[in-house]
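Modelling step: build the complete structure from the supplied sequences, incorporating the hints.
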Amino acid sequence: MKLSYEDKVQIYEVRKQGSSLSQLSSKYCVEFSNLKYMIRMINRYGLEVVKKGKNSYYSPELKQEMIDKVLIEGQSRIRKGHGKIRYAFFPRRTICQNG
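Mapping of the sequence shown onto my numbering: residues -1 to 97, in sequence order.
Errors might be hidden in some of the hints.
Claimed, not checked - Calculated pairs, BS3-like style, for lysine-lysine (alpha carbon to alpha carbon, straight line, at most 27 Å): (1) Lys14 - Lys61; (2) Lys14 - Lys0; (3) Lys0 - Lys50; (4) Lys0 - Lys34.
What the hints assert, rightly or not - Here are the in silico distance ranges between beta carbons for each label pair: (5) Tyr43 - Ser20: 20 to 26 Å; (6) Ile70 - Glu29: 21 to 27 Å; (7) Gly16 - Gln62: 41 to 47 Å; (8) Tyr56 - Phe30: 24 to 30 Å; (9) Glu63 - Gly16: 36 to 42 Å; (10) Ser57 - Asp5: 39 to 45 Å; (11) Tyr55 - Gln15: 33 to 39 Å; (12) Lys50 - Glu29: 35 to 41 Å; (13) Glu59 - Val7: 41 to 47 Å; (14) Tyr55 - Ser17: 19 to 25 Å; (15) Ser24 - Tyr56: 33 to 39 Å; (16) Lys34 - Ser2: 33 to 39 Å.
Derived by calculation from the structure, the hints in this document are not laboratory data.
Every residue, glycine too, gets a C-beta built ideally from N, C-alpha and C.
So, in structure tokens, the structure goes:
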């Protein structure tokens, strides 16, 4: 299920009140890892990060920085929790299969 902005806000608020990611994953039919990632993104950047907008614009400078990370610094693989969070990339949506 595709989550609306309101769903994401509600998930975040309920999580802050102590609900487990497993409970939220089942209730909203969203992969556990995607929920965990979304919560981390909101914690770091605020709720604005989950608002649906137009396609992201990446400045030439940011694109060059990302390329340099791979080519110059040798970070061909993004270490867990570093690259995606730094550049606010979201994982592909996955289909929840209940039952």
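Hint by hint, here is what the structure shows:
For a cut-off of 27 Å, the pair hint linking Lys14 to Lys61 is broken: about 34 Å separates their Cα positions. At roughly 21 Å between alpha-carbon atoms, Lys14 and Lys0 fall within 27 Å of each other, so this suggested pair holds. For the given pair, Lys0 sits about 11 Å from Lys50 by alpha-carbon distance, which is consistent with the 27 Å threshold. Proximity of Lys0 to Lys34 is assessed by CA-CA distance (about 16 Å); at most 27 Å being required, the pair is judged to hold.
Between Tyr43 and Ser20 the CB atoms are about 24 Å apart, so this pair conforms to the stated range of 20 to 26 Å. Between Ile70 and Glu29 the beta carbon distance is about 33 Å. The supplied range of 21 to 27 Å is therefore violated. Between Gly16 and Gln62 the CB atoms are about 43 Å apart, so this pair conforms to the stated range of 41 to 47 Å. Separation of Tyr56 from Phe30 is about 29 Å and conforms to the stated range, judged on CB atoms against 24 to 30 Å.
Under the hint 36 to 42 Å, the C-beta atoms of Glu63 and Gly16, about 38 Å apart, fit the expected range. Separation of Ser57 from Asp5 is about 30 Å and departs from the stated range, judged on CB atoms against 39 to 45 Å. As the Cβ distance of Tyr55 to Gln15 is approximately 35 Å, the hint placing it in 33 to 39 Å holds. For the pair Lys50 and Glu29, the beta carbons lie near 19 Å from each other, so the given range of 35 to 41 Å is not met.
The supplied range of 41 to 47 Å is broken by Glu59 and Val7, whose beta-carbon atoms lie about 32 Å from each other. Checked against the given bound of 19 to 25 Å, the beta carbons of Tyr55 and Ser17, roughly 35 Å apart, lie outside it. Checked against the hint of 33 to 39 Å, the pair Ser24 and Tyr56 passes, with Cβ atoms roughly 35 Å apart. At about 19 Å, the beta-carbon gap between Lys34 and Ser2 misses the expected band of 33 to 39 Å.
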